[in-house]
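J.: The hints should help you fit chain B onto chain A, whose structure is shown.
2 protein chains.
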Amino acid sequence: MSKKVSGFSKLNKTQKIDWLLEHYFQENETFKEILLSYWNSNSKLQQLHDEFIENTISNFYLPFAIAPNFLINDKLFTIPMVIEESSVVAAASNAAKFWLDRGGFKAEVLSTTKNGQVHFNYFGDKEKLTAFFKTVKPRLIESVADFSKNMKKRGGGVLDIQLIDKTATLEGYYHIHCTFETADAMGANFINSCLEQFAKTFKEEALKFDGFSSSEKEIEVVMSILSNYVPECLVRAEVSCKIDSLTTPEFEGHYFAEKFVRAIQIAKAEPRRAVTHNKGIMNGLDAVVLATGNDFRAVEAGVHAFASRTGHYSSLTNAEIHGDTFRFWIEIPLAVGTVGGLTSLHPLVKVALAILQKPTAKELMQIMAVTGLAQNFAAVKSLITTGIQEGHMKMHLMNILNQLNANTVEKEKTIAYFQNTTISHSAVIAFIDSLRN
Amino acid sequence: MSKKVSGFSKLNKTQKIDWLLEHYFQENETFKEILLSYWNSNSKLQQLHDEFIENTISNFYLPFAIAPNFLINDKLFTIPMVIEESSVVAAASNAAKFWLDRGGFKAEVLSTTKNGQVHFNYFGDKEKLTAFFKTVKPRLIESVADFSKNMKKRGGGVLDIQLIDKTATLEGYYHIHCTFETADAMGANFINSCLEQFAKTFKEEALKFDGFSSSEKEIEVVMSILSNYVPECLVRAEVSCKIDSLTTPEFEGHYFAEKFVRAIQIAKAEPRRAVTHNKGIMNGLDAVVLATGNDFRAVEAGVHAFASRTGHYSSLTNAEIHGDTFRFWIEIPLAVGTVGGLTSLHPLVKVALAILQKPTAKELMQIMAVTGLAQNFAAVKSLITTGIQEGHMKMHLMNILNQLNANTVEKEKTIAYFQNTTISHSAVIAFIDSLRN
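First to last, the protein sequences are chains A and B.
Each residue of the first sequence is one higher than the last, beginning at 660 in the working numbering.
Each residue of the second sequence is one higher than the last, beginning at 660 in the working numbering.
Each hint can be trusted.
Identical chains blur together in the list; that is why a pair holds if it fits in one copy or across any two.
Here are the simulated DSS-like pairs of lysine-lysine, each with C-alpha atoms no more than 25 angstroms apart in a straight line:
hint	residue 1	residue 2
1	703	691
2	734	669
3	918	862
4	703	1053
5	812	1021
6	1017	756
7	808	862
8	662	1017
The set of hints was computed from the structure by calculation and includes no laboratory data.
These numbers come from a predicted model, not from an experiment.
Chain A extracted, bound-state conformation (with noise of 0.2 angstroms):
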């Protein structure tokens, strides 16, 4: 029986999962029944997330967490979190109330500007490109006038076109570089719309341009796409204090902060050690990135990207000891939206936006940026004192017992026993054993 499949997209959902039932699943009902214990009850909800993409058979879940006690510019806010990792939420809500208790934080918008390119071919006189391309800008720019509207009234639309020379790279590659603002959309779909209308309008004048001689004016275009690299779109988070009122019972403040500073020092040096810790930023980063409808994927590939920009891959947060002043800050790419995409769509994400008090996208900047601070503060702090495990094994103790099936007097037990013994995978199923046995 093949499990090739023609027309596949055109069965209806039951059909799908009928499918896999009878090629993948060997008539098993079991994995059928999970799949639909998954369907909302409500079928005209459920029919909105089906229609989301294509060829949905369930709903997969992931937590939807909140954590609270986070001041960022004097205002108080409860962070909404969707991530499958445990230990972050608890992770962040530590670190927002350690802050909290110490002046909170300061985020600050530095940038806004987004961009993307219309890549091309062209393999003759570059003056007389140059001078096309003067006569041919407010052209171009005018040839979106009609679907800029919209974005116009919202304080948004086309900032700029130039054209660059990459010859010097790859032979006869240039790109139109243009810039957009685009207010509390992410904006994807107008730039991508608008940079697809500059590359036509551009080859059909091309082909008009007298001072082109006849091959000269078959410009090839390549493609025509935004850029998620967006380091003109820039926030910056912040927390600092008195260096002694660092100190806690775990630890006194100098020591602290010294070895603090260090981890972040070595966290430049070293890319094997700032990739990890990069990560731990995003742990908290994307959990908003996810919860707010927004595309992490593109967030992921510009921060990274803007984490090597120096030719060498290095930590995107900095401390420092300024007299007897303690600093930690962030500066980070973020291209993210509030209206638009899933935002008004998912239920959840107008939940979400509701938490955090209908955030404008330059709010909603300055809240992830902190979050992602927030995450780090806590991996860093943990990593410095007690190490990141005991932590995180009391946080996926939980996790250990779900997968051994254990009720809750075990549960009970288990996390009483642990509470003062190093726990491990193995260690739990030790004593899950001697509990049954």
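T.: Okay, now just chain B, sitting in the frame of chain A:
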């Protein structure tokens, strides 16, 4: 009324939501109802999901979809994908079908070594440190024998530990670079537990080492943690075919192949393009990462750092025309697991792994790399032919219709109307308005 809160994690789920209702929802019950409408009616299943992480209040739905017709190393796969972005699953399915007729995908795991470091400060004589490390190395490996037992049974364990001098970059900074094989597990907990034990033994033994002066004995471990940079855990996926067989009714094979290779050259040359190019790869890859219960932040960080390894952020895929053959391939670092973590816990992850015919970690690496390559093929194919917006907006049309609360008749009429008309957000609004007035 203050939004500060103490002991929040100890409230139960309903109490947490009621606290939100009071402090953030202005007693608007609608938001509470939405949160509750996403709870699973099976309370035992719901409790399982609640316990994955901390402070959970609901389940965030991401669409769970499937893309059939992936021929990988002559075996047919249907790939489970979890993603919120429209058009990704359709694009993956199209690319799979395209290559199904042209020999399918070949994939190969090149290496599976994971790594982690014990980062420490030492300002003494380097030769003494080298001598100490030589002495202590067997004892370090011995110290983790106990909790390596299970991993060894599965064919994994510690591979090697090495002393690395980083003092040229940062004064007094060394690390112990440790390599691991973790079989079918991603291995984060195992690796971190080993590293923390190495650190403990290393410090203890240093205090006893006669070769050190009293200050040299006080080695300060800054932190011990795995690295998500895994260039020694590498998988390769490839498609190739005769250029003639690329010809379709849409385009001629040679023209397509040359334009495709040019698009890849541009993504190699220009970081602004490379970032979005690689983002497209991750659209497909992360959807499998999520569906199989793996950690997309870890994968993203490792992949993008790898893309910048030459000091210049660049495309992860390559394409060439060699004689009459077109070849397109990817090499990408992926540390993922098919046991441990969420894989044995999340019922839908179990379904996803069943759809993938219970892959080993190596097979999963191949499947993920193929999905990334397929996604990139589909994206570049769109970009260099019709443009990205045409296909994307067709897929996105249903989302726009749902935003406008279109009913079934309105949806059908709109889809029919936009079959041959350019879709934009405002054009759809205008058309729906025309239907309604």
